[in-house]
Amino acid sequence: MIATFVLRDSATMLRRQLLHLKRYPLLTITVIGQPILFLLLFVYVFGGTMGAGLPGSEGGAGSRTDYLVYITPGILIMTVASVAVGSAISVAIDMTGGIIGRFRTMDISRVAVLTGHVLGALLRTLLALLVVIAFAFLLGYRSHAGLLDWSQAFGLLMLLALALTWLAVGLGLAADGIETASNTPMFLIILPLVSSAYVPTDAMPAGLRQFAEYQPFTPITDTIRALATGAGPGADLWVAVAWCVLIGLAGYRWSRRLFLRMPAK
Amino acid sequence: MSTRAFAIEIDGLHKSYGDVHVLDGLDLRVAAGTVHALLGPNGAGKTTTVNICSTLVEPDAGKVLVAGHDVRRAADHVRRVIGVTGQFSAIDQVLTGRENLRLMADLAHIDRRRVVPAVDAMLERLGLTEAADRQAQTYSGGMQRRLDLAMTLVARPRLIFLDEPTTGLDPRSRRELWTIVREQVADGVTVLLTTQYLDEADALADRIAVLDSGRLVASGAPDELKRQVPGGHVQVQFTDAGALAAAAADLPVAVADPESLTLRLPNDGIGTLRRLLERLDDASVAALTVEGADLDDVFLALTGYRADDAADGATDDAVLEAVR
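Chain order of the listed sequences is V and W. Take the first sequence: its letter number 88 is residue 88 in my numbering, and every next letter is one higher. Take the second sequence: its letter number 190 is residue 190 in my numbering, and every next letter is one higher.
Just chain V, same shape as in the assembly (with noise of 0.2 Å):
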């Protein structure tokens, strides 16, 4: 398989991905809507009780945007890991399609078809992101970071999503059906809950608060939220790096595993 071929084949698959997505637009509003409902819910019904109570508040009016600032880092994860879930959906569906023996039999790059979808995945992340960070700004949210700084954030997430996607993937294609691939990634969104993703974990329990700091959710999310104060990315980047290259690459691994193995429908 000549490198051009790579090259072409994906970016076949990508735009077959982007028609799908232009016909199909539901799934991607969802899984936009999904991170912007959590942040009017956490801003506004918890968000002046917990603003109170990060550490440096002076309580009053001003909780409500403390921890609008706060949470917003937690957010875009959470925006990450929602398309995420979205993918692992998306290619359960398509997986039940004749099409995919069909490329089966042709001299193609043998994941060009999975490589489509993470592609697609990434462009759509990139567009829930700008839209899930105007809604922040539009809420209230001000940031001192300059554009370094929100490149390197950027890009983080990127890589992140990237990793989850290829996790994900990976869940659709070991998933029995379309139901079981929307219930297995869902931990994706639950595990940022026990992070320092919406509260500081020094005031979790013991136990509790070690798992917190050691699972990648947490370095991600204060990287994050380093960057997005301005205050550079922190002692934590690489590890948050290293977290997102180490889920990548065995996400990457497992899937094209199952791929290969897959029998013929």
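Some hints here could point you the wrong way.
The list that follows gives simulated cross-link-like pairs (lysine to aspartate or glutamate, EDC-like), each with its CA atoms no further than 16 Å apart [as the list claims (entries may be wrong)]:
(1) W:K63 x W:E99
(2) V:K22 x W:D133
(3) W:K226 x W:D187
(4) W:K226 x W:D199
(5) V:K22 x W:E99
(6) W:K226 x W:D133
Here are the computed distance ranges between Cβ atoms for each label pair [unchecked claim]:
(7) V:L40 x W:Y17: 49 to 57 Å
(8) W:E124 x V:V6: 29 to 37 Å
(9) V:R23 x W:T34: 35 to 43 Å
(10) W:D187 x V:L260: 27 to 35 Å
No lab work stands behind these hints: they were computed from the structure. Keep in mind it's a predicted model, so treat the numbers as computed, not measured. Think of the CB as a built atom: it goes at the ideal place given N, C-alpha and C, for glycine as much as any other residue.
Keeping the supplied structure of chain V fixed, place chain W upon it in accordance with the hints.
Chain W in isolation, oriented as in the chain V frame:
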């Protein structure tokens, strides 16, 4: 590939799923530039043979060369020259007909400048131009099958596998599809066709391989196969279902078709005919025809009687026995 005499060479092919031996030592040669039909009942191993030749399924044992390439060791080379249209539509329901064809043309790595003309020509050829910009899920069954075939052909494969391509199609769509297959063969393409329809094999195939329980039970040109069953058959058209049922009960070797009210039985000479006529009641018979052997007779003889371990002569005796 054009320099090779055989497009497909299969030796001692075995494939089992659990305890079921789907293919049990199949040997087959398909000459380049011909249509070869695999004929057999459900479960004979036709689709498995196609799946193995098209690199979808790995064989358990045996050697399979497609266009000279080993399907196990050189699957990529095999995939470069083949096209597959299977029983279940392998089209992207969400995309339009045009988008589906464009997808295939791109994946076949056709020169970019030639993609659009190639797609347009294929839409035109298969009568899909008007529906080209509608999503494939809105197509009728016949249109979906045509699109499926178009997607195979747009990549210009040298060897095409058609797995029961006309199952479920109306007679007109079937004939259209046959015409397209013949055009491909005229261009030098090799076709391996599986079918349960004998008229389809008769109309299209240069050679026919009859499969039963994963083995080759007969092989040859349609006329050669027909000559193996010398007598042909007698067909009796009844006026009512009761008379048909009564006659069928009397004649165990006969095959009754309640829908068309016809009874069909092997013919092995004047004696058979005379005895048959003695048994028939004038009032209940609308027509009686004596025909030369067709592939139905071959099929029955090869997969029906012989499966019961009957000797060659026993078939004739059984007919006489039944007619007496």
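Hint-by-hint comparison with the structure:
no.	hint	verdict
1	W:K63 x W:E99	violated (37 Å)
2	V:K22 x W:D133	holds (15 Å)
3	W:K226 x W:D187	violated (28 Å)
4	W:K226 x W:D199	holds (12 Å)
5	V:K22 x W:E99	holds (13 Å)
6	W:K226 x W:D133	violated (46 Å)
7	V:L40 x W:Y17: 49 to 57 Å	holds (54 Å)
8	W:E124 x V:V6: 29 to 37 Å	holds (32 Å)
9	V:R23 x W:T34: 35 to 43 Å	holds (42 Å)
10	W:D187 x V:L260: 27 to 35 Å	holds (34 Å)
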